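K.L.:
The chain contents come next:
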Amino acid sequence: MEVTTANKAATGQQSTQMLSSIFSKYGIFLIFAAMVVGASILSPAFLSSTNLINIVRQMSIVGLIALGVTGVIVSAGIDLSSGSVVGLTAVVAASLAQSPDNTAAFYPGLHLPLIVAVLAACAVGALVGLINGSLVAKTRIPPFIATLGTYTAIRGLALLYTGGRPISDLTDAYDFIGQGDLLGVPVPIVILVVMAVVTHILYAHTKFGKYIYAIGGNEQAARVSGIDASKYKMLIYVYASFLAGLAGLVVSARIGSGQPGLGVGYELDAIAAAVIGGTSLSAGGIGTVAGTIIGALIIGVLNNILDLMNVSAYFQQIIKGCIIVGAVILDQLKQRGRK
Amino acid sequence: MENEYALSMEGISKQFPGVRALSNVQLRARKGTVHALMGENGAGKSTLMKCLIGIYAPDSGTITFKGERLNITNTHYALSKGISMIHQELSPIPQMTVAENIYLGREPVTWNGLVDMGKMNRMAAELLERLHIKIKPTAKMHELSIANVQLAEIAKAVSYNSDLIIMDEPTSAITEAEVEGLFKIIRSLKAQGCAIIYISHKMDEIFKITDEVTVFRDGQYISTDATAHLTEGKLIEKMVGRTLTDMFHKETTDMGSVFLDVQNLSGKGFRNVSFQVKRGEILGLAGLMGAGRTELMEGVFGVTRTHGGTIKIKGKEVSIKSPADAIRGGMALLTEDRKLTGLYLNASVRENMFIANINRYMLGPFINFGKIEKDCEKMRGLMRIKTPSLMEIIKNLSGGNQQKVLISRWLLTEPDLLILDEPTRGIDVGAKSEIYRLMTEFVRSGKAIIMISSELPEVLGMSDRIMVMHTGDKVGELSRAEATQEKILQMATGMSLTA
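First to last, the sequence lines map onto chains A and B.
The first sequence begins at 1 in my numbering and counts up one residue at a time.
The second sequence begins at 1 in my numbering and counts up one residue at a time.
If you are wondering where the hints come from, they were derived from the structure by calculation, not from laboratory data.
These figures come from a predicted structure and were not determined experimentally.
There's no promise every hint is true.
Quick list of the computed label-pair ranges, beta carbon to beta carbon [what the hints assert, rightly or not]:
(1) B:H229 with A:S282: 47 to 57 Å
(2) B:S60 with A:P142: 29 to 39 Å
(3) B:D337 with A:R140: 23 to 33 Å
(4) B:M391 with A:S282: 25 to 35 Å
(5) B:P108 with A:V185: 34 to 44 Å
(6) B:F16 with A:R140: 13 to 23 Å
Heads up, the beta-carbon is just placed ideally off N, CA and C, and yes, glycines get one too.
Next up, chain B with everything else stripped away, as it sits in the complex:
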């Protein structure tokens, strides 16, 4: 017991141009435990982890790992010392296979110095088998679903046999069953004496799997407690520095006429789906990964081609061949993968906000920057976007703030129907609550929302009606009153189909 802390980071500070990301924070993680690191977006969690793994160099402070003072200057060194990380927003190398991705940088070689692909595939197969992950080692990464990519990343982090594994939002894309699988892996890692730093916005996970919780707020260290001594409310209070009363702000609004009416629509990944959305309504779209929810909405929005079926907007049949048609029809789509299909990473916050909406800001041939400035500034206040200025390059913002900018973009187009695909993925509680508030205000003004979400509390809390999909089929609809977590899960797993 002489060295019960596997890791201790003391007095760490990190300054970026214009932002003090970390000021004098600490983190101590014990051997064989899971240590949660909590805080809102921009609290400094990711920055601290990047200091630990050698992506950033801290301005001051010390890192002691397994009793040894380390000066970690690059990832390679961190890995060699036994620290590995599951990166939250890091896509892998798409053209390479799963095995190549897992053993990147540590390829086994034959006697003549060539990479031993056979051995590598066998090692990967054994690893995946041991972790009960059902992916072929020879599959190309770009062929995998988001969930499987995340599982492969988890396998990669485990494969280093590290003494400390940092898991940054490891469950953001995987299903309940797979989360259980991950927890099994975590428990066996704990039993081997491995320390785990666990970052997640999902409260139930924190209380299920972690032993201790450290909270940061605005780059400051707040507290460290045993998880057992905390309640959800108390933890949230520490994170946001105030008490959140009603998370969802749900109001029942008066339903208006049918805005969107889809009948018997088929396309890649979904078949024969019919549904309606009324003005003033939030339609929740639930289902497991691969149920075809995103595909359906991309079809409706004209991103992908559909066949058969009809789409009516305000009772009139329309032909939607491209997103431009959908936008003209009064729709807006917030995509699931904000990096890939949403953000212009190298452009400013302001640019990202008005880009979909430039026609509204034309004064003859000129762009009316004054009006843009005013509207964007209003959105910034309304959404409580944390940025030094509207001209900040968006990739410098935290994930939650990036998401808020994207939502602002679509709100500025003043759509009648807002389609939100996983609107709160990777976003902290405070920002989540604000997004829920905005959704409620939006439908109150007689507009409609379709929300795809994998988080059942969110679906139950926000939806007026819930439509459930399973492997490309619509399996049913539940009203707000009759919906429960169990019923949705039952339908989503296809069990109701037996009847």
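Okay, chain A solo, but in the shape it has when bound:
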């Protein structure tokens, strides 16, 4: 008699364990699916293709940044400078892509092919990343402090570059990056999808990616396995800022103007997307590109449905805050289940 009850208890325990392991693996996708279903019931306008494309386009900028931030957090670091990188790369790229007949241009008479502006944005981003990476890997100051420094300084640099003024009247080719369509799909979405695939391969299927996870999981173990941890830590910051640079290009093209104030607060949105998507701030070595994209989409869908339901923007912020904390609580529960 006792044996059967014990057995029952054991099987009950097993099935709850299985449920919790399924939930910890796919929980975020289930939550996202539930949100989509909920949103389409709450507002019929939600499922229209214009609205859906709108959601993805809006999240594409933060999504791009979040892809890189995910890697940094996986390596047990943090990058606070990405929003400032957006501002700097936006003004640098825009200054190289103004209409040639604009007499009041930043560089009057300058006429360069589009690729120069694109490469400049990426290169400036990567350069900031190199500074972040060097500070973290060489001087070994905490990443939070290192990137807090660049967060402040880079924003100042962007303001200094333009004297605080926006750089407008950009070429059509440049604007196309933010406003155009490719086969009916907005270009920012195409860029996000391509970079998401590239980043997924980079993180999940290359040595570089494996080492980022290894360093985040246990840096000392990675070092004694012969991995040059400093080098790979440096590289992940370079990659993250490169993506932020790309985001700066896209966002300035989207609004047709390079403004030094662009991207304020994006770094936190990107971190939020990564964290909601299961990247762990408390333990390194955990996080995926797919999770981060879902995390960004969750924020996007949430904002969108609250907009459609005419919920005040102030209230939206409160809800977003709750979601971020909720996601981290979920992460903690997962960690505990692991023990």
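Given chain A, work out where chain B should sit, using these hints.
P.N.:
Leaving out everything else, chain B in the frame of chain A:
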């Protein structure tokens, strides 16, 4: 025979702030032999090995390996020269698979530069198969038991095909059968001409597998002898610099009333277990890895949830839902994994000692540091903790000294029942003997101890009564008089269940 030494380290010195860790020591290991490196905690064994593998740079001295003078500045270089190491206290990367951990830093790649996971898993499967280690290459490291983690680390060290493998406490977490497996691996490595440096506190292993023994004491080189020319007593004498007469200090004490009475308790990893502990008694808890001993004690202590059954303390039924309940009931638990669940690594020795006990040291709203200082200083003397001062950060202490600090912590709470989970794992003979002495004194004052241990000599030497577990069940109890190594092993492997 022109180059019979695979490795020779000469005149190595290493100074840390406040401590001279190594002074002018030597170590010579021959090709195709197993060379034991012995010494108490803090003798400098680990420091020397870290110099060899490139984690520390020695202040002076030379390292010659395979006839070549090496200046080893990082692990990568050491590995490339053919020196690999099984790290004693290094946990692997928990979120990665066994295969990923083994080939970390040496991943096979496909033509397009991507990591070839298929090939890596096949290589790992072949390696594990060859070493007779039964672990799935695709299992995540955090899913493995401590024993299997250690086996994976062994496989990793072997996979480098090195000419010299350093094994630092390779058997601290694995069972007898697995030790045999490891010894088979070691013998075949020897046959291939590989030199092995073997560090262990388990005497029987030293005499079973090693060819030569080098002894260090307090950072000094003492001697190198052929193992065959030594006896256990002689070796211990060299290590501690004095003769140890009675290792266990066991006294039979008068048993008092029942302190803890557990009936039909079940939980994760154990079923329907009943037992009692009396005042003045040491209850030994024996069993193989995975028998549920640690799980049972965590259940009793409120770390994990239990279902069914009752727990009585001093005859009164209690409900233990958290460690705080257990501590209030007069229990203390020294955990098995001191890094994970015991130590505050970045805090001082003093902090680590009084942290569980702060309420005892309050003067109104203030902490009475004077009394803390006095009590901690007393413990330091009593436990013979080797530390420059009480304010030293604990991670700078050797493993044995860290363990002593943890035991001090729980002794300061003055518990009635002390639960010790592998209290002497990774600790040298001298410190072991002191811990045994403290255990004896503790029960003499009318208190009780439950000791989980995988070392049978320790179980037999210290326990008044021995309870044996097998895959989550209690399979029996033996009195001190009737217990033998054979009987315990028989029960622990489940053979007595056939009747």
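K.L.:
Compare the structure with each hint and give your call.
P.N.:
Going through the hints against the structure:
no. : hint                           : verdict
1   : B:H229 with A:S282: 47 to 57 Å : 54 Å, holds
2   : B:S60 with A:P142: 29 to 39 Å  : 34 Å, holds
3   : B:D337 with A:R140: 23 to 33 Å : 28 Å, holds
4   : B:M391 with A:S282: 25 to 35 Å : 29 Å, holds
5   : B:P108 with A:V185: 34 to 44 Å : 37 Å, holds
6   : B:F16 with A:R140: 13 to 23 Å  : 19 Å, holds
In terms of the numbered hints stated before, the structure departs from none.
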